[in-house]
Structure formats: structure tokens, C-alpha cells
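Asks: Chain by chain, the residues:
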Amino acid sequence: MRRAITRRKFLQDAACLAACGAVTCRLRAEGAGASGAGGASGSQASQAQAASAANSPASGGAGPRTFGRAKSVIQIWFWGGPAHTDTWDPKPSLGYDYCGPLTSYCKTNVDGLIIGQLMPNLAKCADKYAVVRGATHGLNAHETASYLVQTGREPGRFVFPCAGAVVSKFKGYDAGYKGDIPPYIVMTQPQGRFSESGFLGLRYKPFATGGDPAKTPFQVEGIVARDLTVARQKSRRRLLDDMDTFKKTLRNSGYLQTSERALEQAYNLVLGEAGKVFDVSSEPREVREAYGNNRFGNECLIARKLVEVGVPYVTINYGGWDTHKDHFKEMNKLLPPTDRAVAALIADLSARGLLDSTIVWWVGEFGRTPKIDWKPPYSGGRHHWGDAFSHMLAGGGFKGASVLGATDERGEQVVERPAYPCDIIGSIYYNLGIDTSAGLITPQGDRVSVLAGQNEGAKRAGILSEIMS
Amino acid sequence: MPGVFFRFLMCALIAYPMCLRAQSAGAQADSAGAVKEGAASSVSARALPENRQMKASESATVSAKKKTSDAGETPAAGKARADGKTSASEKVSGASKVLNAGKPSGAGGALAADRVPGAADRTADGTADGTAKAKKVSVAGGISGGKKISGVDKGSGAKKTSPKGKASNSKKAPSADKSAEILKRPEWKALKLSDASPYETGAPAQAPANHIDVIVRSLHKSHSLAPANQASDAVLCRRLYLGLTGTLPTVEQLRAYLDDASADKRERLIDALMASDNFVDYWALKFGDIFRVKAEFPVNLWPNAAQAYDRFIRECIMRNVSYGEMARRMLCASGSNFRVGEVNFYRAMQSRDAPSMASSAALTFMGMRFEKLPREKRDQMSAFFSRVLLKSTKEWKEEVVVNDISKRAPFKGVLPDGWEVDVGEEADLRAIFAGWLTAKGNPYFSRAFANRAWAWIFGQPIVSPVDDMFADNPPVCAELLDFLGEYFQSQNFDVRKLFKLIAMSNTYSQSFIPRSEPGAARKFFAVYPVQRLDAEVIIDALCALTGSTEIYSSTTPEPYTTLPNYARAIALPDGSITTSFLELFGKPARDTGTAAERVNAANSSQKLHMVNSTHIRSKLSRSPKLRAIFKLPAPQAFRTLYLSILSREPTRAEAAAYLKAKPDWNRVNDLAWALVNTEEFINSH
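Top to bottom, those sequences are chains A and B.
If you count by our numbering, then the first sequence holds residues 12 to 480, one letter each, in order.
If you count by our numbering, then the second sequence holds residues 249 to 933, one letter each, in order.
Hints may contain errors.
[To be verified] Which bits of chain B does chain A cover? Going by a derived footprint, with three or more residues having C-beta under 8 Å, they are:
| id | segment |
| --- | --- |
| 1 | 541-547 |
| 2 | 758-772 |
| 3 | 830-842 |
| 4 | 897-903 |
Calculated from the structure, these hints are not laboratory results.
All C-beta atoms, glycine included, are put in the ideal place defined by N, C-alpha and C.
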């Protein structure tokens, strides 16, 4: 924590330098790579360039060339905070107090990169994703950490929109998205904790599917009603039209225009083709098996199908990771199907040529204490840990076979290339072609930038240009 | 209870001398007797300016030095004190007042008596004009009489039925002619279905019911707008129930109103509704939005503090504490935020600095955006909150709000309208601000609330957004705003009296069908504005109709709060306690206290939910209450569903449309589903 703050001060100074001599700094960024403060300041510089590139997209070559490469995001939200040391940042030699029963690790298909013991399938496709090991923000409460990780901002006067809502604004209906499927989908329940769309309001809220994706058919709340035949649906709609004397009375007033259009759109989903995207039964058996044929697997498969039809933002809200008690029992239960489904998702997207334009983002609100709490009642639990944790980013302009940042030998503190929430969200926006200096209007009518500016005191170490190409 | 009174008395004792000092004219201790109480500290004050226009820029220019004029000032001291006493006694008598509310009182009663007998005449003299208009409307609306019914049905059937649908229809369903035949059967005839508009009477109001109508009528004339016809009794009854209590009338309540032939029934209904528990719940919800009653995130307010805050609001509404008194208590209170609910006004905000407090006070009580004020004004206003101190205690997340006496020093400041104060060192600056804010003649307070009240009760604000009342955002009708503000003030900030004045006006009882250009009609109050109901109101209506409940919960903080088997979302004590339904339908997050946070706009996700979700479908299909109705003979089931869901009698045309298919179990189930999916159900009209 302390280290991070001093680092931040240093980085702010570095930003000034960067402003004076962008060229020199760019050279340094290329030369220094991702090691220590030099690298960090370099990326600060490239961030400054990224911003200018974003402002004038025509001036090619300044930032990473990934601006606008991604069209969609699949965010897998590990609700509760997954243990970084059991997944992307294993420390297998630390012994029982740190590793518990997970004393081994998986060698990946990338030289020198190891990941958690329970992720053998992901180990086979490390060439397709980047691991960010320097994620940090220092907060240990679910609410504030979730908010920070998803909005890139410290809690303050306003509730800012989370990344999904921002993408929905810049890539959804306002930007000419025409799909019948809402542009921001969450499976199956909203993330809670805070209002996802923040002050942007209802229009940018995610559509929550509800239902159980493990069942066939997956009853997407409102779209799929198993016990109603198509004929009955149609006759109901006729009855509704007949009975709505009120609507007929006001037909020419325009007062109900929005509402009538909304109903039209809803019925396109209920009766039209678009709603079939939630039906996994049309997929070949092998594909469904590859994903695991379970709830999370089906969610990943549906996410792929949604991205395929052009939905810009899909969140899989994946609960169960707040493992204070019996952590290892939970990991043994949760990680194997997770590993299988995420690996299948990456492989599937890649085989269909969608990985280049789709970002798969593995993220939780924080990591978990590297040191295990063996005391009762936890009997082998890991608690909240915001000082250091990991993300995984695949596709959409993020470079495969790469690792960014590092933690100390115990996985407790970031010692190399920190990545603050703002940096990660900013990189995702960048790859989506969203100008991070674009404005949002607060309830008070003030204009604020999409990404927290330096003046808001947000911790930044620059966009992750090292893993973007 | 004695504790509450004691606290209130303490508050009054602290607040009033200050207020009194502030209002006493002249800096000299010898000028007025009242100042004796002021002893060492003295206040120089200037009476409120004549110009009551709420223009920030203007008041900004007035902010320059103002001389205190001794002569000709109203020594408002006495008044302020009387004020305090009134509200104290009011509080004591609050309960009995509510009980007596059924009785018609003074002015309002007279107005109603004037109005209602006229109603019959009106239809009589208005015949030529009235019926002509009525015809026009019904033609436009597609409800028409006699032969036209079948014509309309055929027409709409042909329009809407796809060839496929028609084929399947004709197999099992009787034709339109057949449905007309069924309607001739005695059991259907007994319903006495009519072809008249279920929504309105034949004519607009002729005579004004109160001064609101006089102002609004001249507004209409100046924009060449024809006011809408008066709404039917059934529409008005539903509107009053939903608007005042957020609750749908039951069939019995509706029938009682429709069957009542007395002249003052509207007024008696308004009084009875305002004396009900539902009124308290619904207005605690509405006030909760603007006072930001919400636990934990983004503001770290612990749930029991949020609930104490809610209890304070609830109690004030229950006892009909004047809004001025409520504001003073919130602004001046000290104590633990777990125990003294009102101190949470200072706690339920993200930042704890004086400018944030001033900003909240401006937004909540003055309808002003602090951020838009010039720097100098902001600093001046913030100064009055510079001695508010929040201290933590040994209890988890408890905080105590106090007036920081360590900062004692003589204080010179300028109030938002340029009024100068100069007080001694023991002054509680918050009390000076609150005294100024709620004094008679203050240009901000009464209008800010009048605008909110009009927006809440009538449905369309006079200044929009309702909490951004700046000079560059002029009112649609300044005269109406002034009148409502002055009335509110003259009634000692009695919220119920203001609501009643609005609800008794003929402007309020207009129908929702415009008779002029729809946009202008809406803007200038020439039609009752159709508006989607609040999220909480919709789900409560569905729960009441079906006899079902919901599970409300809050996931912040741990341990989670869960309210199972809960049927009344309007009574939720904390903005964090919610469901996905409420979120989907635009329940405000209560993060900022701005009115814009509540979004009552339709979108396709809401429609999907209402039309097709398991949540709503199972509510309808598993309801024992509805099942009992479904089992009634077809005509009774048909009618009861209309009365309970849409709060009105069905029309002949609707019966004919319903009878296009055999009224079997599926059909009656589908009817219940269709009615809750009509625009008529989900909108306030």
C-alpha cells in the first residue's frame, strides 16, 4: 500500500516529464519494457499519447494500434473475490501456510508462465491471453472495491456508471446499435452492491436474464416462457390490443409513444428469432460438452452466442468466490468447471475468428489473503485482499502469451508494474475505441470524463500498452 | 414519546432565540424588547426583500452590503415564536387531528359545496357543446356507440389479426356478430354495459373550484388552449387513491365512492386518504427520495441510522408536523445518528464538509443547485455549516452530530438573499440559517416545496427539473407558483393542506384526454398528465390484486437485510432494500437526492417483464384471489376484473372484444394478464 502511494507520486512526476518530452519517453517505454518504475513511467507516456490518439484517431501510430479493435466484451465477474494465489499468481513453494493443499501448479504452453494447479485447461491456451498480476487498489470491503474495480473511481459524491453501462452508452442504442437483444446483458442477476448504470440512469442498466441457464429451455425472464405456446402468446397479444381502450384513446397524442415502442420491441424478442440466442440446445453436443454442460458453462456458451450477434457487453455474474471458510473445498468445487468453461470459451471464440474482436475479462473485486487462516471457524479460509490480485484479459487487442506486473514472493504486495482499476478499464475502453476523455453529464449538469482524470485523484499507472498489440 | 417532545422542545429552545435574534431589527440591543433575550450576542438583520422572485443571479447582485433599516420592519421575532408554539401544539394535537380528518373543514368544504351541485347543471346546459365534443373525442378514440361498435371491432380485428391468427380464431371463436348476440343474453345485459366514455364526463369544468383554476384558466387562454373535460368519478377515484396513497382502491372502496351521491364526496375521500396509514407510507417514500434515506453505499450510513431517519420522517408525516418545522429539525438537530433520526440529514451524504452540507440544504429545501451559484455565494452559504461536527463513538459506525463549540467566535455572514448576520460567539449558525429559511416571506423555501407538491400531486412541474429553480429556468406559470407558495406559507407549511388545495381544483380533475395540441396541453396544465406509476406502486398494486408478496432485501452491508412476505414496497424503510423489479422500473438510487433519479419511463425490458416473466405470470396464475374471480360466471368475472384492475366499469365494446373467443378458463386468465398489461393499468391517469 505504502509502496503504491510513493510509486503514484513518482508517476505523477513522471507524467510531467512525459508531457515535456513524449518522444524520449516513448523510446524508454519501448526499451524498458515492463520492469520497474522505468516501464511504468513509459506507459504513462504512452497513455498520454493514447489520449491524444483517441482525440484524433487519424494520427495513427501514437498509442498502441489496438484502438477500436474490439467490438464486444465478455466480463466474467467473480463475485466475492477469487484467490489470486490459487489462480493466476501461484506461489507453489511457500508451504502449507500459504498454499494449503494446492502445492503444485500448471505449466502453461507459454515458456516460464505457470498458473494454478486446478486450471489445466487454461494452461493449454496461455498463448491466447494476458495475465495481469499487478492489479491493486488497497480496498478490502466488497462494496467499495466492487465499485472501484467496475467504475475506475473511488466512491464519491456521485455514483458513476460501471464499464458495462459506459460501453452500453457508447456502443449501444445511442451509437446506432440496432439489435433486438439489449446491448448490455447480465447473466443471470445484476451484480447488486451499487446501481450499475450510476447516474446515467435506467436507460443504460443491464438486462438481467434471470432463470437458470443449466435448464433447458433456459427461461430468460420475459423472453422465454416455457408453458406458453406461440399460438397462445399471439392470441394474448391480440387480446391485449383489443382491451387497451386507453391506448386507443390516446393514440394520436404521442403520450404513450415510448411505451408502445417498448412493447413492440419486447414482442420482437418474445415471438421473433432474436430470442433464440439464449437457447443452447441448438448447439452441437460436443460444443456443449466442451463448455461443461453446467450452469456456468452454458453462460459462457450463451455469452459467445450473444457476442456473435453483436451484443457489445455481456456480464456473467459468477457468485461463490467469497471463500472465508473452507476455501480449498470450495476451490476444488469451483475451479475445475470454471477452468473448463473459460478455456472452451477462448478456444471457441478463437476458432470462429471472434477472439480478435472480443475481450474476455476475468475479474473480481479483489484477491484473497495469501496467508491462510487455519483458525476456526475458518478452518482454511482466505479473506479479502485488495493490495494485490490478478486479472486475465484475452482477445480484442490484448496480447496472448503475456504477463504484466508481479507481486512479491508471497503474493502480498505488487512489486512490479501496478495496474489500477482505472488502467484496466481505460485499456478496455481504448481497445473498444471509446475516447476516454469523452464526457458524461452528472446529475448536476457537470461534464466529467469517462475515465477518472488526474484531477480526481484516481491512482493510475497508465493503460496496459505492454500487453496491447 | 415524552422523549420526543423533550427533544423537540430543546430544539425549539435552541433554535428560536437564535431565529428571534436574527429577525429582530437592528444591531442595537435597545431597539426591540425581544432582543433582551439575545443578551451578549447581537444580530443585525434586514427584513426580506419585497422582490420574491427566485432568481439566483438577482439575489447574487443583491448580495452586496445591505443597510439595516430599523423603521418599518416587521419585528418577526414575535411571529417566529408564535410559529414555534403553533407547531408544538399542532404536534400534540396531531393525532386527534388525523382522526377528525373525515369532517369537511372550512374553506374547502364551501368550495366543494359550490362546485358539485353545479355539475348536474353543467351537463344540462352544456348539452349542445358538450355532446358534440364528446362525440369528437370518442370517434378519435375509437370508442363509439350503437352500430359502430361492431364496425370498430371488425376494423380493429382485421387490422391486427394476421391471416394465420384469424384462421385459428375463427375455428374456435364466435364471430363479432355472435359476440353481439351473447351480449343480449340476460346475464350479460344485467351488467348494464354502456358505450359512454369510461374516462370523462361530457364537458370541461365551468366554474373554478378554487384560485388554482382561476390562474390556470387564464394561462390556458393566453396560450389558446381548451382545457380537457372533467374526468369521470371512477378515473378521479383511482387518481386520488394512487396519487395520495400510492395504493389502488379496492373494489369495495371504488364502489363506495361511485355509489355516494353526496356533494362533498371528493373532499371527504381526500381527507380520509390523507388520514390513512398508506398516506404516511407513501409520503415517507417520496420524502425519503429527496432526503436520501439509504443505507451504506455509496454513503457509509449504517442501516439502523437509515431506519432512524426514516422513522423521523414517518413520524413527522403521521403527526402532520409542518414542513417548516421538519426542515428546522433536520437542520438544527444534534445527537447520535442512531437515536436522533433527523441528524442524518448531515450524515446521509458522501462528503462531510460545509459546502456539501450547504449544497444538500440548497437542493432539498430551496430547489437550487449549489454548483450553479457564484463562488462568493457558495462560500457565504457554506459558512453557516462550518461548525457542524460529526464525531464517531464507540458503537460501530455510530456518529454524533454536534455544533462544534470549539470553533466559537463571533460570526459575520451573509444569507443567500443578501441578508447580513452578525452574531455572538455562542450562536449555532445552523439555527440562524434554518430560521431564515423557514421564516415567513422567505422566497425560496415555500416555492421550492410548492413546485414539488404540484409535480407530485398534479404530475407536471411548474419549473422543470423540479429542483433546479434558477432564473434561466423560468416557471411555466409564475403566478401559480407564487400562489401555491404563498398559500403553503399562510397555512404554516401544512403539507396536507397544500396537497388538498391541489387535489380539490378542477385543474386536477381534468381528464387525461387533451382537447388541444397534446404537447402544449400537457405543458400548460390543460390536461391531466399521463405518467407511468412509481415502481413501488406498480408492484404493490400487483401484490394487492393477486394477494401475493415479494422478498425485499439489501446486500449492503453484510449481514444482509431480508424482508420476506412483504407486500408493500411503498413502506420500505431504506433505499437499499430492493428487488430487481424495483430496479428495473426505475426506483431511485437515492444517491444524490435529485428528483431526476426516479425514472418513470417505459422500456422494453420492463415490457418483457410485465408481459412474459415467470415472476408476473406466476403471480397471476397462482393467485387464490384471482382464481376466485375466474370461477365466477363469465359476466361477473369480466366485470370484477375490470373493477379491481382498472378501477372502472367495462364498456360494451370491451365486452364484445372479449367475447370474440369463448370465455373459458384460459380466456379469463388471459384477460387478467391483458388488463395488467394495458397502458391504463401501469399509468397514472
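Asks: Between the segment 830-842 of chain B and chain A, are there enough contacts, at least three residues with CB-CB distance under 8 Å, for the coverage claim to hold?
Replies: holds (count 7)
Asks: With a Cβ-Cβ cutoff of 8 Å, does the segment 541-547 of chain B contain at least three residues near chain A?
Replies: Coverage by chain A holds here, the residue count being 3 at a Cβ distance below 8 Å.
Asks: Check whether three or more residues of the segment 758-772 of chain B sit with their beta carbon closer than 8 Å to a beta carbon of chain A.
Replies: Result for this restraint: holds, n = 6.
Asks: Would you say the segment 897-903 of chain B counts as covered by chain A, given the rule of at least 3 residues with C-beta under 8 Å?
Replies: Holds, because 3 residues of the segment 897-903 of chain B bring their Cβ atoms closer than 8 Å to Cβ atoms of chain A.
Checked against the numbered hints above, the structure violates none of them.
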